[in-house]
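Single-letter residue listing:
Protein chains: 4
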Amino acid sequence: MSYAKQLLDTYPRDVNLDADLLAATIDALSDCAQACIADADDDLSEQNIAEMVKCIRLCLDCADVCAATLGVTSRQTEYDANVTRPLLEACVATCKSCRDECERHAQMHEHCRVCAEACRRCEQACNELLAAME
Amino acid sequence: MSYAKQLLDTYPRDVNLDADLLAATIDALSDCAQACIADADDDLSEQNIAEMVKCIRLCLDCADVCAATLGVTSRQTEYDANVTRPLLEACVATCKSCRDECERHAQMHEHCRVCAEACRRCEQACNELLAAME
Amino acid sequence: MSYAKQLLDTYPRDVNLDADLLAATIDALSDCAQACIADADDDLSEQNIAEMVKCIRLCLDCADVCAATLGVTSRQTEYDANVTRPLLEACVATCKSCRDECERHAQMHEHCRVCAEACRRCEQACNELLAAME
Amino acid sequence: MSYAKQLLDTYPRDVNLDADLLAATIDALSDCAQACIADADDDLSEQNIAEMVKCIRLCLDCADVCAATLGVTSRQTEYDANVTRPLLEACVATCKSCRDECERHAQMHEHCRVCAEACRRCEQACNELLAAME
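Protein chains in written order, with my numbering: chain A, 1 to 134; chain B, 1 to 134; chain C, 1 to 134; chain D, 1 to 134.
What the hints contain is simulated information worked out from the structure, not anything from laboratory work.
Be a bit skeptical, because a hint or two may be false.
Any copy, or any two copies together, can satisfy a pair, since identical chains are not distinguished.
Here are the simulated lysine to aspartate or glutamate pairs, EDC-like style, with alpha carbons at most 16 Å apart [to be verified]:
1) K54 / E89
2) K96 / E117
3) K5 / D20
Every value quoted in this text rests on a predicted model; they were computed, and no experiment measured them.
Throw the hints in and build the complete structure from the sequences for me.
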């Protein structure tokens with residue numbers, strides 16, 4: 001069981017959203033943030049670095065947005081949908097832009113394939129959490 | 001002149017948005033992120049801490065979202081409005097929630113008044129940048 | 001297999017440190033950063049919040065330091081031991097301070113017990129990586 | 001007056017370190033974090049990007065470490081020198097590595113000259129704060 005799930009299970013009040021779904025989203029955000037940091041660095045080591053600039057940039061953006069979304073969704077106390085919802089929407093959009101670009105390089109660079117998968121899973125998890133907030 | 005403005009002035013390509021407006025937004029994001037971290041900590045030192053919980057939570061959220069928005073808006077290369085726009089919108093919403101709560105404590109706690117001002121200026125700067133993107 | 005390990009396995013050059021050890025450290029940093037964010041929030045929901053202030057503060061510090069260390073250790077390209085080593089040492093010290101405080105509350109608050117475990121594992125992983133750098 | 005100084009002036013307890021020195025350090029950390037994010041992006045837009053890889057990497061590291069140090073030094077409540085001191089030392093080391101590399105490109109790239117200046121000021125401010133902690 002992930003730490004995210006353990007911390008939700010030991011939260012002293014009621015959790016505002018479905019705990020399993022929330023824990024899965026937090027884990028996907030954590031994975032995606034790290035994968036994007038690592039993929040940007042992998043790109044920096046490639047021979048065709050000039051063609052990887054857009055990928056590096058979007059990976060850095062995606063890492064930043066996932067980290068912020070991880071923080072906000074990890075906080076249960078005094079939950080505020082006005083904060084959580086637009087941030088999840090921004091996170092979905094960023095993961096999508098990053099994934100699209102990573103997929104363009106996935107055939108040539110295996111690390112971009114891995115990062116695209118982390119982005120897709122994060123995008124999906126954020127979308128499911130948004131749907132559960134309706 | 002702020003470092004943000006100096007770095008935009010020495011950017012090797014054309015800047016995607018109005019450089020003065022962008023630099024002002026980056027500086028406001030930087031100020032707001034720091035003010036929110038500090039205000040959350042100030043709240044932790046107050047006698048009536050139990051009443052400050054919502055303020056602490058929103059300050060932590062606001063610091064995270066401003067830091068991510070600072071990162072994304074500081075990057076000019078391969079600009080992607082699909083990433084920048086929803087994040088600026090999320091940042092406006094978060095600054096607003098945080099400011100509303102800080103203002104509730106502004107009479108009693110001077111640090112909340114200062115933080116509310118940083119949030120208001122950041123909210124306004126992000127809104128102006130969004131308007132310039134139309 | 002974690003994304004950290006997959007990204008190291010697909011890194012286009014040689015990895016500077018033992019890849020298994022490095023991936024385990026990155027995962028422990030990621031877990032600890034999230035656990036500390038969540039535990040600080042759990043503390044904010046407790047009845048005895050006034051007694052949890054030190055724990056909240058150290059959890060916020062530990063989350064920040066682990067996130068920075070995660071970033072630096074995730075980058076393989078142009079590895080610089082002058083940056084990595086003192087940061088790992090700072091991370092070990094921060095995890096230790098945070099764990100000590102969480103353990104003081106572990107009997108009363110299960111979430112502090114979980115967070116203390118995440119800190120202990122992260123401290124240990126960073127120490128092993130430091131030892132491998134000798 | 002910077003927000004950092006205003007927040008320290010309105011802190012409800014005594015500040016643990018000299019408030020002017022601390023505020024100057026927080027401002028220098030904030031400037032350096034942003035300058036490093038922007039300079040890494042500027043490097044990505046240069047023709048000779050393959051020669052800028054080390055600079056990009058160190059700028060990303062420096063931004064991460066400065067952001068964490070900004071968080072820790074902005075928190076006054078339950079001050080713990082065991083956390084603050086090694087992190088400031090890590091920050092000094094990171095700023096130095098980043099500055100050295102930026103200075104190598106300062107003649108060719110004006111943005112690297114600006115970033116090197118932000119790093120030098122941050123390094124100096126952290127060193128002064130460390131000296132004041134003796």
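Verification of the supplied hints:
1. K54 / E89: Classified as neither: same-chain Cα gap 22 Å, cross-chain 23 Å, threshold 16 Å.
2. K96 / E117: For K96 and E117, the Cα distance is within 16 Å only inside one copy (11 Å; across copies 34 Å).
3. K5 / D20: Within one copy, since 7 Å is at most 16 Å while 25 Å is not.
The structure shown violates just one earlier hint, number 1.
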